[in-house]
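*Asks:* Protein chains in written order, with my numbering: chain A, 1 to 286; chain B, 1 to 577.
Since the hints were derived computationally from the structure, they do not count as laboratory data.
Since the structure is predicted, the reported quantities are computational estimates derived from the model, not experimental observations.
Wrong hints could be hidden among the right ones.
Capping the alpha-carbon separation at 27 Å, the derived lysine-lysine pairs in DSSO-like fashion look like this [as the list claims (entries may be wrong)]:
hint: 1; chain 1: B; residue 1: Lys551; chain 2: A; residue 2: Lys2
hint: 2; chain 1: A; residue 1: Lys26; chain 2: B; residue 2: Lys451
hint: 3; chain 1: A; residue 1: Lys40; chain 2: B; residue 2: Lys131
hint: 4; chain 1: A; residue 1: Lys59; chain 2: B; residue 2: Lys568
hint: 5; chain 1: A; residue 1: Lys59; chain 2: B; residue 2: Lys499
hint: 6; chain 1: A; residue 1: Lys183; chain 2: A; residue 2: Lys228
hint: 7; chain 1: B; residue 1: Lys393; chain 2: A; residue 2: Lys265
Stretch by stretch, here's where chain A covers chain B in the computed footprint (C-beta under 8 Å, at least three residues) [said to hold, decoys possible]:
hint: 8; stretch: 199–206
hint: 9; stretch: 519–531
C-beta atoms are modelled at their ideal positions from N, C-alpha and C, and glycine is treated no differently.
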Amino acid sequence: MKKNTYDMGDIDVAWCPGCGNYSIIKSLKHALVELGIPPKDLVIVSGIGQAAKIPHYFKTHFFNGLHGRALPPATAIKAVNPQLTVIAESGDGDMYGEGGNHFVHAIRRNPDITNIIHNNMIYGLTKGQASPTSQFGFKTPVQTKGVILEPFNPLTLAISQNASFVARAFAGDVEETKEIIKKAIQHKGYALVDIFQPCVTFNKVNTFKWFKDNTAYVDDSYDPGDRKAAFEKALETHPLPLGVIYTSPKKNTYEQNTGLYVKDKNPLVFRNQKRSQKLLQLINRL
Amino acid sequence: MNLNQNKIKDISIVICGAAGQGIKTVENLLVHNFNNSGYHVFSTKEYMSRVRGGTNSVSIRVSSQKVAALKNHIDILLPLHSKALNHLEKRISSETIVIGDREKICKECPPQVKKFIDTPLADMAEDIGGKIFINIIAAGIITGVLRFNLDQIKKDVKDFFSQKEKQIVERNIQAVSQGYSYGKDFSDKQDISFDLKPSSDIKKQVLINGAEAVGFGALAGGCDFLSSYPMSPSTGVLVFISQHAHEFEVVAEQAEDEISAINMALGASYAGARSLVTTSGGGFALMGEGISLAGMIETPIVVHVAQRPGPATGLPTRTEQGDLELVMHTGHGEFPRVILAPGKLEDAFSLTQKAFDLADKYQIPVFILTDQFFMDSYTNIPAPDFQSIQIKKHIIKTQKDYKRSLITRDGISPRGIPGYGEGLVGVDSDEHDEYSHITEDLDLRTKMVEKRLKKMEKIKGDAIPPELIGPKNYKNLIMGWGSTFYVIKEALEILKLKKTAFLHFKQVFPLPNETKTYLKKADQIVMAENNATSQFGKLIKLETGIEINKKILKYSGLAFSVEEMAEKINHLLKQEE
Numbered sequence: 001m002k003k004n005t006y007d008m009g010d011i012d013v014a015w016c017p018g019c020g021n022y023s024i025i026k027s028l029k030h031a032l033v034e035l036g037i038p039p040k041d042l043v044i045v046s047g048i049g050q051a052a053k054i055p056h057y058f059k060t061h062f063f064n065g066l067h068g069r070a071l072p073p074a075t076a077i078k079a080v081n082p083q084l085t086v087i088a089e090s091g092d093g094d095m096y097g098e099g100g101n102h103f104v105h106a107i108r109r110n111p112d113i114t115n116i117i118h119n120n121m122i123y124g125l126t127k128g129q130a131s132p133t134s135q136f137g138f139k140t141p142v143q144t145k146g147v148i149l150e151p152f153n154p155l156t157l158a159i160s161q162n163a164s165f166v167a168r169a170f171a172g173d174v175e176e177t178k179e180i181i182k183k184a185i186q187h188k189g190y191a192l193v194d195i196f197q198p199c200v201t202f203n204k205v206n207t208f209k210w211f212k213d214n215t216a217y218v219d220d221s222y223d224p225g226d227r228k229a230a231f232e233k234a235l236e237t238h239p240l241p242l243g244v245i246y247t248s249p250k251k252n253t254y255e256q257n258t259g260l261y262v263k264d265k266n267p268l269v270f271r272n273q274k275r276s277q278k279l280l281q282l283i284n285r286l
Numbered sequence: 001m002n003l004n005q006n007k008i009k010d011i012s013i014v015i016c017g018a019a020g021q022g023i024k025t026v027e028n029l030l031v032h033n034f035n036n037s038g039y040h041v042f043s044t045k046e047y048m049s050r051v052r053g054g055t056n057s058v059s060i061r062v063s064s065q066k067v068a069a070l071k072n073h074i075d076i077l078l079p080l081h082s083k084a085l086n087h088l089e090k091r092i093s094s095e096t097i098v099i100g101d102r103e104k105i106c107k108e109c110p111p112q113v114k115k116f117i118d119t120p121l122a123d124m125a126e127d128i129g130g131k132i133f134i135n136i137i138a139a140g141i142i143t144g145v146l147r148f149n150l151d152q153i154k155k156d157v158k159d160f161f162s163q164k165e166k167q168i169v170e171r172n173i174q175a176v177s178q179g180y181s182y183g184k185d186f187s188d189k190q191d192i193s194f195d196l197k198p199s200s201d202i203k204k205q206v207l208i209n210g211a212e213a214v215g216f217g218a219l220a221g222g223c224d225f226l227s228s229y230p231m232s233p234s235t236g237v238l239v240f241i242s243q244h245a246h247e248f249e250v251v252a253e254q255a256e257d258e259i260s261a262i263n264m265a266l267g268a269s270y271a272g273a274r275s276l277v278t279t280s281g282g283g284f285a286l287m288g289e290g291i292s293l294a295g296m297i298e299t300p301i302v303v304h305v306a307q308r309p310g311p312a313t314g315l316p317t318r319t320e321q322g323d324l325e326l327v328m329h330t331g332h333g334e335f336p337r338v339i340l341a342p343g344k345l346e347d348a349f350s351l352t353q354k355a356f357d358l359a360d361k362y363q364i365p366v367f368i369l370t371d372q373f374f375m376d377s378y379t380n381i382p383a384p385d386f387q388s389i390q391i392k393k394h395i396i397k398t399q400k401d402y403k404r405s406l407i408t409r410d411g412i413s414p415r416g417i418p419g420y421g422e423g424l425v426g427v428d429s430d431e432h433d434e435y436s437h438i439t440e441d442l443d444l445r446t447k448m449v450e451k452r453l454k455k456m457e458k459i460k461g462d463a464i465p466p467e468l469i470g471p472k473n474y475k476n477l478i479m480g481w482g483s484t485f486y487v488i489k490e491a492l493e494i495l496k497l498k499k500t501a502f503l504h505f506k507q508v509f510p511l512p513n514e515t516k517t518y519l520k521k522a523d524q525i526v527m528a529e530n531n532a533t534s535q536f537g538k539l540i541k542l543e544t545g546i547e548i549n550k551k552i553l554k555y556s557g558l559a560f561s562v563e564e565m566a567e568k569i570n571h572l573l574k575q576e577e
């Protein structure tokens, strides 16, 4: 597969020059090419925000839905056609704020999808308000005296709910991020990849340098299978951990748990069901 | 005593008690027995929003002819606790036969209670094995009073308890038999007789409720994805389809909230499934943005809204036709939609089935609008014709340069799905180009708006015409929509007005083309609706310019009874006839 398989060519991109999104899209495209997943087998589902525009810069199937609502359609697409690789991708405000409830329940459902969050700790598209992951005391035109809410920690929340795959990456490290994304896509079950992403226009605190100085990869001896240790790791802030933080013991995916793919591997949407006889039998049973 | 003095060919039976007392068991047993005995049967319930206690009632009608409306009058009343008689005081007359232990249920009987089958129900039940048998004895008494076939009710009891141990089945048969002879003795002594005639075609009919009718329609329409959040009175559809999901290969998911439900359903539909959500007012309000998304991404969706009285939580377990305007206007922006409102259970089946085809054909949201009265009503209907079901999939195999939002003459872009063909399939909630990629090209925006709205022309051509009942050369026209079909029809049968007809709408939006012609023919028009502001009347005014001033409205949370509908029509039209 060609390296530029997923490229759209010369198009107008709405991201600011120097935005961390450029690195993330590069890592993702390379990951998909290296995994040999063709565009016709991939669906990118996104919400609203600058990060959520990613499918428009991607040659593939896409469902760019509503703000905060990428996970429900992504779950459903995978359930009715498990042959598709499904990625739900948006920013921190979209996934953790507006769509917070879906985040919690997607973890519980465990669909075999990859959930990528561009986490820049700020709202970019609405021009610089606090996001759920903004740090305590972070000043914005709205949070004039600084954020007074505890920052949202997606990793501890996901581990607490026994998410099947929990990872964090940094947009500045294109290679490492690509490798983490590859693991997430290959993982069978819900896979969270929270990616630190500098917002060069609005976040003057959590800059490229800040992320470099305040993050560190887990070392080779780290065991992501130990849930308690993973939780402790996810609590760390100095430095913030990067890498695959947690993988749960093997469990069935949502699609498997529907029971609809036990006898018939054919995606639900391609089955040609004949129901007349079954309906007749059912109505006679009532 | 003869209940049939006025040649009434149907009998009204009411069971009333607290939640948890087993009213449903008696209802279930009796409606099946009446159906199996060859009678037309109808039952509806009114109940409180609680799990135990309170006062709930089930009204059952058994008849020689089709009835499917609430009757106010009660011929036989089975009160299961002491508050029942007060609860139903307005519906009890001197002709009402009350069955029960007088000491326990009627210390201070309403003065109009004249006919009491004083029955030591509790003692009889204890003799058989405990209080649990009270309901079955009572069901036996009712069938005995009616002098129905003893073997049939014994068989029905046996079937009803077929999952239980043999000993339990036998005791229940004993209970129903004892009740039966008690009731029959009373009937003989008091010389009670009824003019009920079984009908041979009932054998070919099926007994279902509104929720099942919608559920069957969905399954027949090819529904293979359902995501919803439980909310009375819409939950019945979620339960029904979930129970048969495996057999019919349906993903049936209880979502974390209604927002998730509608977005999941749209995701599944985008991928090629036939998606349904079922909800009620408050839950539907949460789906508003999702409905708008369906309009923008032109992805088919069928939404069942079972109405209950609002605003806000309102009366969770009661009925109203109060959400027509909500469904009409839900979703920001401008996009086409269709709203269907069944009046008969057979319509609920066929319209829900059709809704999936319309949604797919035009890539729009299609709404099925019912209400609590409709959801919870049982009646026997001709078995739907399942053999002739044909599901037309409006999906194409995509080519390489596929454009999901292609601008076409009729506004309908050929619908592709991911993984079927060589093309890439995109949808976007932003304004978009023909590939569905985000755009702020305002000329293109104008074209896209026109493309989406253009579909309305064909949609209007597909509108289901209203049903006219009564003389074609009418002077007066009663109008109704959705669940009021049978109550208006029966009220007019009682009134026997020669110049009055009834026009019933099962498609309320867009209005069928012939609407204005029907209205113009009438000198007087009366709109009957189960709401306070005549929402359909307002829609008629908006679409036809014709203002309907005479209205029959009810918004107490209960359905119209036949008697009150007849009285109100009579009051408004008597002088005009």
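*Asks:* Each hint should be assessed against the structure and marked as holding or not.
*Replies:* Checked hints:
1. B/Lys551 <-> A/Lys2: violated, 70 Å
2. A/Lys26 <-> B/Lys451: This hinted pair is violated, its Cα atoms lying about 35 Å apart.
3. A/Lys40 <-> B/Lys131: It is violated: about 65 Å lies between the C-alpha atoms, which goes past 27 Å.
4. A/Lys59 <-> B/Lys568: violated, 64 Å
5. A/Lys59 <-> B/Lys499: violated, 66 Å
6. A/Lys183 <-> A/Lys228: Holds. A/Lys183 to A/Lys228 sits at ~22 Å (cutoff 27 Å).
7. B/Lys393 <-> A/Lys265: holds, 21 Å
8. 199–206: violated (count 1)
9. 519–531: That given contact is violated, which follows from only 0 residues of the stretch 519–531 of chain B lying within Cβ reach (below 8 Å) of chain A.
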